[in-house]
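Going line by line, the protein sequences match chains A and B.
If you're matching positions, the first sequence starts at 1 in the numbering used here and goes up one per residue.
If you're matching positions, the second sequence starts at 1 in the numbering used here and goes up one per residue.
Treat the hints with caution; some may be incorrect.
Computed, partial: chain B to chain A, Cβ under 8 Å [what the hints assert, rightly or not]:
#, residue
1, Y62
2, P65
3, A66
4, S218
5, A248
6, V249
7, K257
8, E271
Calculated lysine-lysine pairs in the DSS-like style (CA-CA distance at most 25 Å, straight line) [unchecked claim]:
#, chain 1, residue 1, chain 2, residue 2
9, A, K270, B, K222
10, A, K257, B, K237
11, A, K106, A, K128
12, B, K53, A, K257
13, B, K53, A, K229
14, A, K257, B, K163
If you are wondering where the hints come from, they were derived from the structure by calculation, not from laboratory data.
Glycine included, each C-beta is placed from N, C-alpha and C at the ideal position.
Number of protein chains: 2
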Amino acid sequence: MVAFRMKRLVRVGAVALLLTPFLSLSALAEADDPLPSWNEGAAKAAILDLVSKTTTEGGRDYVVPADRTAVFDQDGTTWVSHPLYGQALFALDRLAELAPEHPEWKDTEPFKTVLDGDHEAMAKFTEKDWFEIVAVTHAGMTSTDFAKIVADWLPKSKNPIFKRPVTELVYQPMIEVMDYLRASGFRTYIVTGGGQDFVRVYSKPVYGIPTEQVIGSSIVTKYEMVDGKPVLMRDPKLFFNDDFDGKAVGINLFIGKRPQIAFGNSDGDKEMLQWTTAGDERAARFPGPARRCQEGSRLRSGRRLAGHQGRDVQPGTDG
Amino acid sequence: MVAFRMKRLVRVGAVALLLTPFLSLSALAEADDPLPSWNEGAAKAAILDLVSKTTTEGGRDYVVPADRTAVFDQDGTTWVSHPLYGQALFALDRLAELAPEHPEWKDTEPFKTVLDGDHEAMAKFTEKDWFEIVAVTHAGMTSTDFAKIVADWLPKSKNPIFKRPVTELVYQPMIEVMDYLRASGFRTYIVTGGGQDFVRVYSKPVYGIPTEQVIGSSIVTKYEMVDGKPVLMRDPKLFFNDDFDGKAVGINLFIGKRPQIAFGNSDGDKEMLQWTTAGDERAARFPGPARRCQEGSRLRSGRRLAGHQGRDVQPGTDG
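Chain A on its own, in the form it takes in the complex:
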């Protein structure tokens, strides 16, 4: 029995270790459950049922390991998105860092509003305003330099409510379900409206998801030779909007097979959830636990940085 429990511990991997700083008996009992943070409800039962059905050889719903695919929205689903998306915090910090080189920003919108710290006015930013901020903070450098800038910022980042780096504000239930699905042979993907190259910087240490399994919005990159070496220059121009219908398109483009399970919390995830469940009775869809976590929050919601193209997310709609 202990051996079995130990095996389960291994199965849920890092999550179980996180939950058991001291290997107490209660921790061992908890480790029998691959989803200890989940309420005993319909969502948890459906996840366990789907995994059981898709991994039982000979069953009608069996899926070979190579085809087991799970997709996760990020903002509001796997990590905190209030009071602003993590990537919006990055853009604003970066803007402040670059401001001394751009004295003209003090008198130019939308930069003035950001530098003045006028959060109320920022909540009313249009997509165009956000894209102007993206243009000066996410473009005009090589892909390698951008990754370095993000990597340097992450440990210094601070969510205004929780006062901790964004990479520490990840939902434990979602880490558990990612780990559980991987232990069951599923390949886990982030499918985010946020920036693909932004998320890729931390996806492995934070979610255990490698760069090639991060699907997101992207700007145009251009191949150029600089000092005899090729670089990819980031241009301030949207290439792919991985949101709403773009999430279904992106899944097909990057993966080329239909997932069996999808997790999302906002209207931008609707098509991804529809696409996942449309092809096969085995597929299941779940709202992320973030819905519950965020209920009651009346704080302003940021907007996704890349995309939306006129379809605004109203404050709180993803909470």
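Assemble the complex: chain A is given as a structure, and chain B must be docked to it using the hints.
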């Protein structure tokens, strides 16, 4: 010694089995060599050296398995591209199949030339001509229907020179090196100027490469509801041109990490080879064995169906 040889047999997998219909002693000796079809030359030595260096723990050039990445061009590198690319053969067959529904094609270019079987005139097709053919053969249906059309065509396909299905005209040395790299912990990718959704139909049975590791050119797909079910409709509009500089951009977009080894045979692979070797002394690049196979061929070369955008591949430039 026999045990060791057997282990090697397992290591090179299907290739070794293909080479040894009867498990003769000479076959066993051959199986000691993971690349038995390769000449003993600089290219083979460099591949063996790169694999040895990147997989030796503690070495300066060690790469963790999760980051081991190998990229392969397709046409002329992993399979035959003469007298026309496999996808061009598909487009022409498909055009003939659809012709009865389009009597107007008999008098409209470029369809007339194709239906007349005028290969000489076809060799002079512009990119615009080819894209008109792509538009009626590759678009206007759902992604699911397109995959089915390709899957139905493949066993009926016939290369005009070799009189065999295109999926049987794969270069044995490249199958060996793909298998060897995978056995050494590398993830193998096709990075093709050809159509991503076309190659994905057969990449797994032919190359052992799953859909999510096929990077190619693509047309726009649109999310639509048909009879209450979501579909992805294929539009006759180029979305991504995975050729020339697009191959480096595509590798970054789809994988997000730099490969250690790249294989290509034509000018459309130059940037992929540059990008692979630019970042790291460990990276190696090789022309595909196709160069030798095709030398002496004076047959017309097809052009890639998607892309090139004005940069023509002259007959024979990839041979």
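So, against the hints stated earlier in the document, which numbers end up violated here?
Hints 1, 2, 12 and 14 are the ones this structure does not satisfy, whereas the remaining hints hold.
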